[in-house]
Amino acid sequence: MSGQNHSSAEHYDHDAGKFGMWIFLLTELFLFGGLFLVYAVFRAKYSHDFHEAALELNTFIGTLNTVFLLTSSMTAAMALTAIQNSNRKLAVNLIIITLLFATLFMINKYFEWTHKFDFKIYPGSEVLKNLPRGELLFFGLYYMMTGLHALHVLVGMVLLSVTLFKIRKGTVNSERYLLLENSALYWHLVDLIWIFLFPLLYLIT
Amino acid sequence: MTLNNDSTHISYLEHQGKYKGLLSWLLSTDHKKIGLLYLYSIIVFFFVAAILGLLMRIELIAPGQTIMGPQAYNGMFTIHGVIMIFVIVIPGLAAVFGNFFLPILIGAKDVAFPRLNLFSYYLFLVGAILGVVSQFAGSGPPDTGWTFYVPYSAESSTNVIFALTAAFILGFSSILTGLNFIVTIHRMRAPGMTWFRMPLFPWSLYATAWIQVLATPIVGITLLMVIAERVLNIGFFDPALGGDPVLFQHLFWIYSHPAVYIMILPAMGIVTEIFPTFSQKPVFGYGAIAMSSLAIAFVGYFVWGHHMFTAGISYSSRWFFSFLTFIVAVPSAIKVFNWISTMYGGSIDLKPPLLYAISFIFLFMIGGFTGLTLGSLATNVHVHDTAFVVAHFHYIIFGGMGFAFFAGIHYWFPKMFGKMYNNRIANIAWAINFFGFNVLYFPQFIIGLQGMPRRYFDYLPQFQTGEVISTIGGFILIAGLVLMTYNLIISARRGEKAPSNPWNGVTLEWLIPSPPSLENFDVIPEIKTKPYLFARNQEKSENEIQS
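Top to bottom, those sequences are chains A and B. Sequential numbering of the first sequence, starting at 1, is according to my numbering. Sequential numbering of the second sequence, starting at 206, is according to my numbering.
Residues from chain B that face chain A, not an exhaustive set, calculated with beta carbons under 8 Å: (1) L384; (2) V388; (3) H391; (4) R392; (5) V418; (6) L419; (7) P422; (8) I426; (9) L437; (10) G440; (11) F441; (12) L446; (13) G447; (14) L452.
Derived by calculation from the structure, the hints in this document are not laboratory data. We treat Cβ as the ideally placed atom computed from N, Cα and C, and that holds for glycine.
The shape of chain A in the complex, shown without the other chains (with noise of 0.2 Å):
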């Protein structure tokens, strides 16, 4: 930052940006995917154990959840459109539908990740350890990757304040709104990591 401050506040360069965020969310996806090929090789060898462990998933929260994301995506997107014809309040209110979602979703994550506990299902519990292998890794998968999941989408969610607080502040606005586009393009991360999620745990029985 030493003298560097004036020269890179000049330099901005928007394409760039986007690209290297776009490298980013490759990275991510590639993370996930270590996990997806974690739980090919198991659905492959206990499917039987991999399809009785699925049916206790409850379909009903997994789906509003996936309501609730993709709706949440949606409204990520038009806050940027709303940003680019520089209408500030509107993005301002959608991005705060956005975070409302996002809260929804978590607290519909919370309620579902106690009632499992509650039923003595988690890591390293007596019940768990009574089932059979296969049930025992979809379940250690199940926590694994919804957690994983959840910790991005707290990620985004304070990525989506600080935007926010920018909007406000009009440090992003119709000019420049990288930060916007790039906390957007996240957020849709989520909702796709999210889409495969879904039908890998809950659906596919």
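Got chain A; can you put chain B on it based on the hints?
Frame of chain A; chain B shown alone:
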């Protein structure tokens, strides 16, 4: 022709920004200062890990317990490996020379994301410190080896989580650096610098950056799974809980084999810069060298199974991985032929950078050919997990990446610090290093073939001759390294002032003053020719690069 106005030139080392003193370094987003921060950190960690290595050599000087017990020895080789691989060899060349010279070589003022670059450095520092701390804190140094094989790494009562977290953070830093370089190369090349007018070091960094971005997340998630296994008892890799330990090996090597190419590709890029300069001749086979970097990066992604020939993978996958391993030798050989052809008929100037670059070829070839011995199915079973493997990868990693690092630092030192080093001492240090290196590692090929296992603190008396020679080599090598470092440090403080182009190089870094100014170029150059046009072409090329 000048790209800079000499009368107003202020070197980046003297430039005063918003902060003074130490903070002007720690908070600088200048790619050159960040490169030097990496350099200094890497030198410190290198000597820490080198001393651990020397202690292991002393332990092995005689059969039985000499200076440490088996548990301490296990901790030593684990931390030696973790620091050397994750802190020094993987980030090393790209972070130091890539940061410093990539923007200059492509005619840019900085990387695409300067603040992200500084952030990567701090992630690197945190990860590196965590790695060292794991040796001392908690329940004893981790003893799994740098490969963290399960189920042992899930069960060992030592400080494995620290080391896993360190590797995870260092991986994240590596991803961000790779991302930064890809965007920089795509977006920041000077006007007229088309892809095929780009010097070859940036080409190799480009290939490296893609491996960093595409392979590192896999090891990230794998390490997270091992952490989950230890903390939450999840058991992806624990056979008792239904998991599969071989699955871990797959996931680990999907990253860690390409990581070998993260280490060696920038090394190849550096020597590719050095050969034309000290032969005063255009590089032979520009296109072949550029494309072979990409080919190595691509094929290198699909050879990981050759680490697992004895792990019980299927016969067909074994010959498949063995076949691909032989294929990856082809682009490496293309590079070697091109370097030698570059020297052929050139006016060779045997300065320290070229000495290191030539010894790079020699050591890399020994490492490469023994790699084929290991990549063959039949011989692999015989030498798997022996000292032969240790010798092989030290020839590749230290003889390859390490000697290329020394070549690079001797090549670019005048540009980085604006001072010349003492040539005579540098030559002597090179001779000691080269001799010590071979005395240290060559005997390990022989005792490895005779059956000396790796990672054992004790051995049968029949191996003692080899082990003693090897330990003597260790002391010689350390002496050479100390002499080399001493020479460079003294020269950085008190050396003669370096001219802007001490080696008659023709790439962009030699057309600006030594050391460069904060923004490298007062005027961004316009590139109209291919790189590496020397001697009779030189006048022409200088006229064509207009400021």
